[in-house]
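**Q** Next come the chains, spelled out residue by residue.
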Amino acid sequence: MIPGAFTYHRPSSVAEAVAILVSHGDEARPLSGGHSLIPMMKLRMAAPEHLVDLGGIADLKGISDDGGTITIGVMTTQHELIASDLLASKLPIIRETSLLIADPQIRYVGTLGGNVANGDPGNDMPALMQCLDATYVLTGPDGEREVPARDFYEAAYFTALAPEEILTAVRIPVPPAGHGYAYEKLKRKVGDYATAAAAVVLTMEGGSVSFCSIALTNVSDTPLFAQEAGEILAGSTLDTATVVRAVAAAEAITEPASDGRGPAEYRTKMAGVMLKRALAKAATRATS
Amino acid sequence: MSDIEQIPVTMTINGKKVQRFVEPRTLLIHFLREDLNLTGPHIGCETSHCGACTVELNGMSVKSCTMFAVQADGAELTTIEGMANADGTLSALQEGFRQMHGLQCGFCTPGMILRAHTLLKENPNPTEEEIRMGISGNLCRCTGYQNIVKAIQYAAAKLNGTEFQEAAE
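Residue numbers (this note's numbering), protein chains in the order written: chain A, 1 to 288; chain B, 1 to 169.
Looking at chain B on its own, in the form it has when it is part of the complex:
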């Protein structure tokens, strides 16, 4: 199998430049998890439905199971491993998921947080409806959406410097 072509790729992932040779058919999720040991992005459905593999690529939320690593050559990526603040404290979104019990089993959480991260950059003050549509490409099999939405609202409030008010049930 030594004749399988390897292609050089360069990416900036969580602020660090990485260079590797990959087989063209290597999916981005496999590159992150197996070549770089970034196991935060999860492999869920493998069919572009569940969003567990969501990462940020050049400011866009993408499903890394449906993209080849070679397509991301030159890109800037963020994974859950790059979400904490520089001093190691939790970012607003991570804190929101903790405070609002935004996770149960935790499998969908890295994808949810990365998707919410991009959503809040584009729309810093989303309505509940906009949050729900914004995370419609991420499935939580625990069905914990209520608290996930609250966690994102908590983070939005914190980033906007306002106080988070939980809506009455």
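Same shape as in the complex, but just chain A:
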């Protein structure tokens, strides 16, 4: 399997990369870790004439904390997310999720930016970013704009990113210390995409849920922010009746495909099971 021919660009700044995208329009594609794009190119399902390798842009790497917000450069790899002490202490759900992505070799190369910008509904980070209410920083010829992760995904592989724009950073508001979290993913084997997965972040006060955010992976054309399910749980003690109602509300917004991972009805039910497990685990991790 050999990809089609292309012209290779390795810019050293974001401005240079954007200029290349502007001059070649949709014949150009940015390349981050390449673990989605290169397989597509080998299958000739993608055949960009210009490949813009973001690997030479130092500004796109690294994780920083300004107190209330953590900013992650898009070329930060899954392996670096797993190794980050800052994320382990402030956003441990990122480490938990990263460890469930693909396999060790792919995590050394695969990046946060590639995972969220590609628009593949099978990817795990998009739902997590919706759960965390992250903001994507998009840089184009007219400068920067910010789009919430919850508004970014339009359909499978279709996002708010314009062809001449690059996703440059992801900004995540830090959840309160002592928050509970869990990412529960059902998959057939290591390296597989989710049959269904659920991300939960919640806070507890005096035995009741004071805040709960939920998002689901790979049970629709896009990641799903399960707003209603989270609202149902707020104020509850996570009693069985309320959890059943919230799970039903989350299942109701799913629209999975029937494929090798199971029929649609099964995947909807598994989304509910993953949510239930994630809620239970998050509650045990929350301090209140």
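Hints in this document: simulated from the structure, not taken from any laboratory.
Backbone N, C-alpha and C define an ideal beta-carbon position, used for all residues, glycine too.
Each hint should be verified, as a subset may be incorrect.
As the list claims (entries may be wrong) - Only pairs whose alpha carbons sit at most 27 angstroms apart, straight line, appear in this in silico DSS-like list of lysine-lysine:
#1 LYS121(B) / LYS189(A)
#2 LYS269(A) / LYS189(A)
#3 LYS189(A) / LYS281(A)
#4 LYS121(B) / LYS61(A)
#5 LYS281(A) / LYS269(A)
To be verified - Ranges of calculated distance between the beta carbons of each label pair, as one might list FRET restraints:
#6 GLN227(A) / ASN85(B): 57 to 63 angstroms
#7 VAL147(A) / HIS101(B): 53 to 59 angstroms
#8 HIS101(B) / PRO148(A): 50 to 56 angstroms
#9 ASP151(A) / VAL18(B): 46 to 52 angstroms
#10 LYS189(A) / GLU128(B): 14 to 20 angstroms
#11 THR7(A) / PHE164(B): 50 to 56 angstroms
#12 ASN123(B) / LYS187(A): 20 to 26 angstroms
Unchecked claim - Here are some chain A residues the structure puts well away from chain B; computed CB gaps all over 10 angstroms:
#13 ALA5
#14 ARG10
#15 MET41
#16 ASP53
#17 GLY55
#18 LYS90
#19 THR139
#20 GLY140
#21 GLY143
#22 ALA156
#23 SER236
#24 ALA248
#25 ALA257
#26 SER258
#27 ARG285
#28 ALA286
Chain A is already provided as a structure; the job is to place chain B on it using the hints.
**A** The following block gives chain B in isolation, referenced to the frame of chain A:
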């Protein structure tokens, strides 16, 4: 076809500096096997699943079928051809695979050894569970995982200067 652009790349592979011109679409595995005649890294699935093409690049285990050679410009690589000790004797991992019968058909072995090499650098004393998760990106179609895990445990013990004790079955 003379107008296909060729790009210069420089890499240090198994301690030796190499310089070549490559077409941008050349995958790293093809560069290693066809341009440099390093046929130790294998082409298995070609879809980033099997890990037979695993090499070490700047201290990371990577699947060389899912990377362009131009992306590895300036990098330091190790392949199975660079694994033996300087005097030509087997490295601890190679010895472990031999002593513990860690290979049957041998197709996955170069990838397994290179992955284990990086794993043991990061975690010199892994548990069995950590070894199994650590090689979860490498498939053995002979399904010889039991002995592969033992081979890695053997190598870890040898590198740590302790005695390898096989767990009771």
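**Q** All the hints need checking, so say for each whether the structure fits it.
**A** Structure-based check of all given hints:
{"no.": "1", "hint": "LYS121(B) / LYS189(A)", "in the structure": "26 angstroms, holds"}
{"no.": "2", "hint": "LYS269(A) / LYS189(A)", "in the structure": "19 angstroms, holds"}
{"no.": "3", "hint": "LYS189(A) / LYS281(A)", "in the structure": "22 angstroms, holds"}
{"no.": "4", "hint": "LYS121(B) / LYS61(A)", "in the structure": "24 angstroms, holds"}
{"no.": "5", "hint": "LYS281(A) / LYS269(A)", "in the structure": "19 angstroms, holds"}
{"no.": "6", "hint": "GLN227(A) / ASN85(B): 57 to 63 angstroms", "in the structure": "60 angstroms, holds"}
{"no.": "7", "hint": "VAL147(A) / HIS101(B): 53 to 59 angstroms", "in the structure": "55 angstroms, holds"}
{"no.": "8", "hint": "HIS101(B) / PRO148(A): 50 to 56 angstroms", "in the structure": "55 angstroms, holds"}
{"no.": "9", "hint": "ASP151(A) / VAL18(B): 46 to 52 angstroms", "in the structure": "48 angstroms, holds"}
{"no.": "10", "hint": "LYS189(A) / GLU128(B): 14 to 20 angstroms", "in the structure": "19 angstroms, holds"}
{"no.": "11", "hint": "THR7(A) / PHE164(B): 50 to 56 angstroms", "in the structure": "52 angstroms, holds"}
{"no.": "12", "hint": "ASN123(B) / LYS187(A): 20 to 26 angstroms", "in the structure": "24 angstroms, holds"}
{"no.": "13", "hint": "ALA5", "in the structure": "6 angstroms, violated"}
{"no.": "14", "hint": "ARG10", "in the structure": "8 angstroms, violated"}
{"no.": "15", "hint": "MET41", "in the structure": "8 angstroms, violated"}
{"no.": "16", "hint": "ASP53", "in the structure": "6 angstroms, violated"}
{"no.": "17", "hint": "GLY55", "in the structure": "6 angstroms, violated"}
{"no.": "18", "hint": "LYS90", "in the structure": "23 angstroms, holds"}
{"no.": "19", "hint": "THR139", "in the structure": "22 angstroms, holds"}
{"no.": "20", "hint": "GLY140", "in the structure": "24 angstroms, holds"}
{"no.": "21", "hint": "GLY143", "in the structure": "29 angstroms, holds"}
{"no.": "22", "hint": "ALA156", "in the structure": "20 angstroms, holds"}
{"no.": "23", "hint": "SER236", "in the structure": "36 angstroms, holds"}
{"no.": "24", "hint": "ALA248", "in the structure": "35 angstroms, holds"}
{"no.": "25", "hint": "ALA257", "in the structure": "20 angstroms, holds"}
{"no.": "26", "hint": "SER258", "in the structure": "23 angstroms, holds"}
{"no.": "27", "hint": "ARG285", "in the structure": "22 angstroms, holds"}
{"no.": "28", "hint": "ALA286", "in the structure": "27 angstroms, holds"}
Against the hints set out earlier in the document, violations occur for numbers 13, 14, 15, 16 and 17.
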